Amino acid sequence: MISRRIDHLFAAVTAFAVTVSVCGAADDEQRAQIVGRVTHDIEYLASDELGGRGVGTPGIELAADHIIQVYEAAGLKPAMPDGGWKQAFEIEMGDVQIGDETALALVSPDGTTLELVAGEQFQPLRRGTDSGSAAAGLVFIGYGISSTEDSFDDYAGVDVKDRIVVMIRREPVTPVDGLFRGPETSSHSYIDRKLELAQKAGAVGILFVNNAAEDPDALVDPSAFGVQSAGIPFLQIRQSVVDQLLKATPLSVDDGAAQLKSFAEVSQYVDSNLKPVSQPLQGWKAEMNSSFKVQSVTAHNIVGMIQGTGPTADEIVVIGGHYDHLGLGGYGSRAQNRFGEVHNGADDNASGTAAVLELARRIAAGPAPSRTLVFACFSGEERGLLGSYHYVKNPLFPLEQTVAMINFDMIGNLRENRVEVTGTGTADQFEQIAKEADEAVSVDTTLKPGAFGGSDHLPFYQRQIPVLCCFTGMTSIYHTPDDDASTLNMEGAVLVIDYAEQLLRGVDALESRPVWSSQQPGRRRPARTAYLGFQPDLGASTADGILVRAVRAKSPAEQAGLMTGDIISAVDGSPVEGYQSIVDALGQAKAGDTMKLAIRRGDDELTLDVKLGTSP
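With the numbering used here applied, the sequence shown covers 685 to 1300.
Keep in mind that the hints were calculated from the coordinates and are not lab data. From a predicted model like this one, the values you see are computed outputs, not experimental measurements. Some hints could be false.
What the hints assert, rightly or not - Computed list of lysine-lysine pairs in DSS-like fashion (alpha-carbon distance at most 25 Å, straight line):
| id | residue 1 | residue 2 |
| --- | --- | --- |
| 1 | Lys1077 | Lys761 |
| 2 | Lys845 | Lys959 |
| 3 | Lys945 | Lys959 |
| 4 | Lys1077 | Lys884 |
| 5 | Lys969 | Lys884 |
Take the sequences, apply the hints, and build the full model.
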């Protein structure tokens, strides 16, 4: 007996071949109509009339109207509980000012009060709350991690309910192969995860401190970790403040046989032994308040749905892409000398929006999906994935029933007939589905198991929802006024959409939900890899290089002369195609090797020889 998946896939491919020429069966006129309507979507969204679709502008409202018209014409149903299409959220505009009410005071066991200075000794973080206060006893909670796979739980055996926790940034830097990832980013380092665990444990506030590998005095920008309020006061403090706490109240370890009297001693102990040191800071209390003065505009995710009809109809697949862009430049633009010119954003991301719209048309035309499909055009992506983060925090359908998310970001420049598909390792079944889709459509694919990346699939991935993202590569006109519809490969975009439908149909046809894969490439790599020592600005990095956001003090990068604002264009003679290029190069190197960096500094082109070190 043929399985439901094979039967469903056969029906999908057969119906699709008749209507949209997956294998060239449809006639030229039908194909021209398909290319024509996708081209129309892209050209309209990327037209000067829409003014670059900046948040808070009339142009993005026109884009939203167009999306809704397509949804309605295709027969989708509004996804909002009130019967509407728009999920509203706020986006800040302009500079953020710390409010006068912001304060932090530490009360010692002997009653002495230490009044700390905002911007000098501590920094309020908007990821916690725009306005909130707490007054409670202090508990040192280490890295604030609970990891079954690493047998490490900072919350085990310690009560933080109605307490303020002192928490270390990132995760342990361990010499043990396969445990954690040190200065690299893993799910344990996510701010969202740390906030979630603290709140679940009942904490009422968080004092956050840089880990040992970072500048002890560096205070991040108040919006550095995002602006989506978690509803809990969240302040960053300097390591010297923690030293004051520990000097007065050392942490007892090894059943009281040893005491840790400084932040350095605590870090060394935890990282070396992989043993939590969580415990109350007896007698200490904190009084904290954070407030900000911000200007904001209302943005909207545009969300429609097609109800599933099979036994898995209660499961959700989200199909998404962002429809906002940079407006007239300024924020996010790579052409700062062209402020005031329309940044049309044809590839980024009128093309991805057009993919969502075209898939909505095709799926609505049949055959009907087994699962419920949610089509979401997100806003605020260019300002930090704000729309998709808002959706994940305020889901219109239960996240526990959301079994996959398929994202489209920049699919308009198909070159050499190749599309990149990331996230194929996030579910056990995805690689096979991606390969089957490749066989059904005349497009070549590059499959990337990992899924970490700066687009709207990331918030879903962080919630352990399997994701896939289609992408046709960066170009030199990315985030400039030259990203116009005339530069795109429209037929190539349609071919990517052809492939994406087969991808979607394959996911929908699974008899059981996709199985989240926690063993993704890189997750278990040793922490002590070759060390360079800089922080990339992924949001502002260019098509032909990575922008250096910060250089770590005393790192190999600093010693070689790398500076904030440099653009790394090549590593050992190979062009940099995103931060992964540097990660891969470091993964193949070892401490003591010399890495040659080609950089641009303003109008100058330089070469730096960096002698790599060992991860701190």
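Hint check results:
A distance of roughly 22 Å separates the Cα atoms of Lys1077 and Lys761; the hinted pair therefore holds under the 25 Å criterion. Taken as a hint, the Lys845 and Lys959 pair is honoured in the structure, with Cα atoms around 22 Å apart against an allowance of 25 Å. Under the criterion of a C-alpha separation no larger than 25 Å, the hint pairing Lys945 with Lys959 is consistent with the structure, at around 17 Å. For a cut-off of 25 Å, the pair hint linking Lys1077 to Lys884 stands: about 15 Å separates their Cα positions.
For the given pair, Lys969 sits about 21 Å from Lys884 by alpha-carbon distance, which is consistent with the 25 Å threshold.
Consistency with the previously given hints is maintained throughout, with no hint failing.
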